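Given next are the chains, with one letter for each unit.
Protein chains: 2
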Amino acid sequence: MKDKTTFIRQKISDSTIRRLSIYLRTLIILEKGGTVTISSRKLADIEGFTSAQIRKDLSYFGSFGRRGLGYNVKALKKRIAEILGTNKKWDIILIGIGRLGSALMNYEEFKGRGFHIKKLFDKNPELIGKKINGITVNSVDQLEKKVNPKRESLAILAIPPQDVQSLIERLNLIGIKGVLYFASRTVTVPKSMIVRNEDTTVELETLTYHITNRTDRPVKPM
Amino acid sequence: MKDKTTFIRQKISDSTIRRLSIYLRTLIILEKGGTVTISSRKLADIEGFTSAQIRKDLSYFGSFGRRGLGYNVKALKKRIAEILGTNKKWDIILIGIGRLGSALMNYEEFKGRGFHIKKLFDKNPELIGKKINGITVNSVDQLEKKVNPKRESLAILAIPPQDVQSLIERLNLIGIKGVLYFASRTVTVPKSMIVRNEDTTVELETLTYHITNRTDRPVKPM
Numbered sequence: 001m002k003d004k005t006t007f008i009r010q011k012i013s014d015s016t017i018r019r020l021s022i023y024l025r026t027l028i029i030l031e032k033g034g035t036v037t038i039s040s041r042k043l044a045d046i047e048g049f050t051s052a053q054i055r056k057d058l059s060y061f062g063s064f065g066r067r068g069l070g071y072n073v074k075a076l077k078k079r080i081a082e083i084l085g086t087n088k089k090w091d092i093i094l095i096g097i098g099r100l101g102s103a104l105m106n107y108e109e110f111k112g113r114g115f116h117i118k119k120l121f122d123k124n125p126e127l128i129g130k131k132i133n134g135i136t137v138n139s140v141d142q143l144e145k146k147v148n149p150k151r152e153s154l155a156i157l158a159i160p161p162q163d164v165q166s167l168i169e170r171l172n173l174i175g176i177k178g179v180l181y182f183a184s185r186t187v188t189v190p191k192s193m194i195v196r197n198e199d200t201t202v203e204l205e206t207l208t209y210h211i212t213n214r215t216d217r218p219v220k221p222m
Numbered sequence: 001m002k003d004k005t006t007f008i009r010q011k012i013s014d015s016t017i018r019r020l021s022i023y024l025r026t027l028i029i030l031e032k033g034g035t036v037t038i039s040s041r042k043l044a045d046i047e048g049f050t051s052a053q054i055r056k057d058l059s060y061f062g063s064f065g066r067r068g069l070g071y072n073v074k075a076l077k078k079r080i081a082e083i084l085g086t087n088k089k090w091d092i093i094l095i096g097i098g099r100l101g102s103a104l105m106n107y108e109e110f111k112g113r114g115f116h117i118k119k120l121f122d123k124n125p126e127l128i129g130k131k132i133n134g135i136t137v138n139s140v141d142q143l144e145k146k147v148n149p150k151r152e153s154l155a156i157l158a159i160p161p162q163d164v165q166s167l168i169e170r171l172n173l174i175g176i177k178g179v180l181y182f183a184s185r186t187v188t189v190p191k192s193m194i195v196r197n198e199d200t201t202v203e204l205e206t207l208t209y210h211i212t213n214r215t216d217r218p219v220k221p222m
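Heads up: the protein sequence lines correspond to chains A and B, in order. Note that the first sequence covers residues 1 to 222 in this note's numbering. Note that the second sequence covers residues 1 to 222 in this note's numbering.
Please keep in mind that the hints were generated in silico from the structure rather than gathered at the bench. Computed from a predicted structure; not experimentally measured. It is possible that some hints are incorrect.
Dumping the calculated DMTMM-like pairs for lysine to aspartate or glutamate here, alpha-carbon to alpha-carbon at most 20 Å [as the list claims (entries may be wrong)]:
id: 1; chain 1: B; residue 1: 32; chain 2: A; residue 2: 163
id: 2; chain 1: A; residue 1: 191; chain 2: A; residue 2: 169
id: 3; chain 1: A; residue 1: 11; chain 2: B; residue 2: 203
id: 4; chain 1: B; residue 1: 88; chain 2: A; residue 2: 203
id: 5; chain 1: A; residue 1: 191; chain 2: B; residue 2: 14
id: 6; chain 1: B; residue 1: 111; chain 2: A; residue 2: 203
id: 7; chain 1: A; residue 1: 78; chain 2: B; residue 2: 203
id: 8; chain 1: A; residue 1: 88; chain 2: B; residue 2: 203
id: 9; chain 1: A; residue 1: 78; chain 2: A; residue 2: 109
id: 10; chain 1: B; residue 1: 77; chain 2: A; residue 2: 14
id: 11; chain 1: A; residue 1: 118; chain 2: B; residue 2: 203
id: 12; chain 1: A; residue 1: 145; chain 2: A; residue 2: 169
id: 13; chain 1: A; residue 1: 78; chain 2: A; residue 2: 47
id: 14; chain 1: B; residue 1: 56; chain 2: A; residue 2: 14
id: 15; chain 1: B; residue 1: 11; chain 2: A; residue 2: 203
id: 16; chain 1: A; residue 1: 56; chain 2: B; residue 2: 14
id: 17; chain 1: B; residue 1: 111; chain 2: A; residue 2: 199
id: 18; chain 1: B; residue 1: 11; chain 2: A; residue 2: 108
id: 19; chain 1: B; residue 1: 56; chain 2: B; residue 2: 45
id: 20; chain 1: A; residue 1: 11; chain 2: B; residue 2: 14
id: 21; chain 1: A; residue 1: 32; chain 2: A; residue 2: 108
id: 22; chain 1: A; residue 1: 56; chain 2: A; residue 2: 45
id: 23; chain 1: B; residue 1: 111; chain 2: A; residue 2: 198
id: 24; chain 1: A; residue 1: 111; chain 2: B; residue 2: 203
id: 25; chain 1: B; residue 1: 78; chain 2: A; residue 2: 203
id: 26; chain 1: A; residue 1: 88; chain 2: A; residue 2: 109
Non-contacting residues of chain B with respect to chain A, defined by C-beta distances greater than 12 Å in every case (computed) [stated by the list, open to error]:
id: 27; residue: 18
id: 28; residue: 19
id: 29; residue: 123
id: 30; residue: 137
id: 31; residue: 142
Ideal Cβ positions, reconstructed from N, Cα and C, are used throughout, including at glycine.
Okay, chain A solo, but in the shape it has when bound:
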């Protein structure tokens, strides 16, 4: 298992992985638009990164493109999808069908990237048994019975902060491999699981940090 490629991969920063995902979404649009090749300079221009950054990010994973010819859009898209693991489909269970959960269920982008929400869970008795987008909402009490970890490997938690930790532990015992949760709370992550947190407050605070600390231009007085 520990060949050179996987060894190198372990050192890749999350920032690089996030950028690869961003390149991928742009390459999908470019391919749809009929673009056959793109230079790192042009891609950099679209993304607002430097072309050196793009070449460096891609260099971790082998050699892409040919000098003077740029990258083949279709081939680069395919290769990045392989790196990110989205060349195959991922079945997802969604826990929490409130406003956020409903927004995620109707998020068009997921399907185009291989993410399929297959099972729904909630603890609200008014929702349990109802069909949403053709999928029956199960009681979260039925999690162990209803989840098939051989099919569903990811879970999205759109639930209140106080319920996240206990659900992560239950999902770990079930054999779910990865969890994305939205609550603004730190959790303890089981060793055999990958857990990501998307916290809008953190995004807003990186925004206010940069606004507060900008020094590259005169900041207008408020």
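Place chain B on chain A using the hints.
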């Protein structure tokens, strides 16, 4: 303006800023729970980072804590809020009151961190004129008339991808300083603006990357 502190700050990575925001949310909980001091080791334990990482992140911004005594929770919380700019209130306009926009409007965490959604905009005639949480929904056509950039400095865009670029340009002309948008699309950012993108697809792809490329344990066959 270009004193030593601001010069150093420009080099701080986004990963550090994100971690500061994560420390802040934990410190808020710890303070509420009555914790007076905390060691970097204990904080590291909660966050799942190393204590060296925490000390390094904080060292960019001066000296905190005393060896053997740890950090004073209240003082550290206050200092991080100052660094992130959330020691003051931020008034926000929200554009797009669909499922995601509604979820954001009801996100309890915002208020506790100084973020206040003050004005609402949508293009759906059925929503325009209605009051949601006591705030009247304006037509997005009225953006230039209704936004006061001296009060509202941030905008959140919970709108379809195809509308994001043109709205960022309009908000820039109005004088909005920072924008957070959720669409899975790269945009061109005006120089005088800070723009952040929260894309759930990117988070899911970092998750699938790590699951696909784990080498620290035997991966069960699917």
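Hints, verified against the model:
Taking the CA atoms of residue 32(B) and residue 163(A), the gap is about 19 Å. The hint holds against a cut of 20 Å. Of the supplied pair hints, the one linking residue 191(A) and residue 169(A) holds, its CA atoms being roughly 11 Å apart against a limit of 20 Å. Between residue 11(A) and residue 203(B) the CA atoms are separated by roughly 18 Å; this keeps the pair inside 20 Å, and the hint holds. The suggested pairing of residue 88(B) with residue 203(A) holds, with an alpha-carbon distance near 17 Å, which does not exceed 20 Å.
A distance of roughly 26 Å separates the Cα atoms of residue 191(A) and residue 14(B); the hinted pair therefore is violated under the 20 Å criterion. The straight-line distance between the Cα atoms of residue 111(B) and residue 203(A) is roughly 15 Å, inside the 20 Å bound, and the hint therefore holds. For a cut-off of 20 Å, the pair hint linking residue 78(A) to residue 203(B) stands: about 19 Å separates their Cα positions. At roughly 17 Å between alpha-carbon atoms, residue 88(A) and residue 203(B) fall within 20 Å of each other, so this suggested pair holds.
The suggested pairing of residue 78(A) with residue 109(A) holds, with an alpha-carbon distance near 17 Å, which does not exceed 20 Å. For the proposed pair residue 77(B) and residue 14(A), the alpha carbon gap of about 26 Å is over 20 Å, so the pair is violated. As the CA atoms of residue 118(A) and residue 203(B) are separated by approximately 19 Å, the hinted pair is consistent with the 20 Å bound. Note on residue 145(A) and residue 169(A): the hinted pairing holds, with a Cα-Cα distance of about 16 Å set against a maximum of 20 Å.
Proposed proximity of residue 78(A) and residue 47(A) is supported: the alpha carbons are some 19 Å apart, at most 20 Å. Proximity of residue 56(B) to residue 14(A) is assessed by CA-CA distance (about 18 Å); at most 20 Å being required, the pair is judged to hold. Of the pairs offered as hints, the one joining residue 11(B) and residue 203(A) holds, with about 18 Å between alpha carbons and a cut-off of 20 Å not exceeded. For the given pair, residue 56(A) sits about 18 Å from residue 14(B) by alpha-carbon distance, which is consistent with the 20 Å threshold.
This hinted pair checks out: residue 111(B) and residue 199(A) have alpha carbons roughly 14 Å apart, not beyond 20 Å. A C-alpha spacing of about 37 Å is found between residue 11(B) and residue 108(A), which places the hinted pair above 20 Å, so the restraint is violated. Distance restraint check for residue 56(B) and residue 45(B): the Cα-Cα separation of roughly 16 Å lies within the 20 Å cut-off, and the hinted pair is therefore satisfied. The suggested pairing of residue 11(A) with residue 14(B) holds, with an alpha-carbon distance near 18 Å, which does not exceed 20 Å.
Straight-line distance between C-alpha atoms of residue 32(A) and residue 108(A) comes to about 16 Å, which keeps the hinted pair within the 20 Å bound. About 16 Å separates the Cα atoms of residue 56(A) and residue 45(A), which keeps this hinted pair within 20 Å; it holds. With a CA separation close to 18 Å, the supplied pair residue 111(B) and residue 198(A) stays within the 20 Å bound. Taking the CA atoms of residue 111(A) and residue 203(B), the gap is about 15 Å. The hint holds against a cut of 20 Å.
For the hint pairing residue 78(B) with residue 203(A), the CA-to-CA distance comes to about 19 Å; that is within 20 Å, so the pair holds. A C-alpha spacing of about 15 Å is found between residue 88(A) and residue 109(A), which places the hinted pair at or below 20 Å, so the restraint holds. Interface exclusion of residue 18(B) from chain A breaks down, the closest Cβ pair being 5 Å apart, not more than 12 Å. The Cβ of residue 19(B) does not lie farther than 12 Å from every Cβ of chain A; its closest approach is about 9 Å, which violates its non-interface assignment.
With 12 Å as the threshold on Cβ separation, the claim that residue 123(B) sits away from chain A holds: the shortest Cβ distance comes to roughly 17 Å. No beta-carbon of chain A is positioned within 12 Å of the beta-carbon of residue 137(B); the least distance is around 16 Å. With a least beta-carbon separation of about 23 Å from chain A, residue 142(B) lies farther than 12 Å from that chain, consistent with its non-interface assignment.
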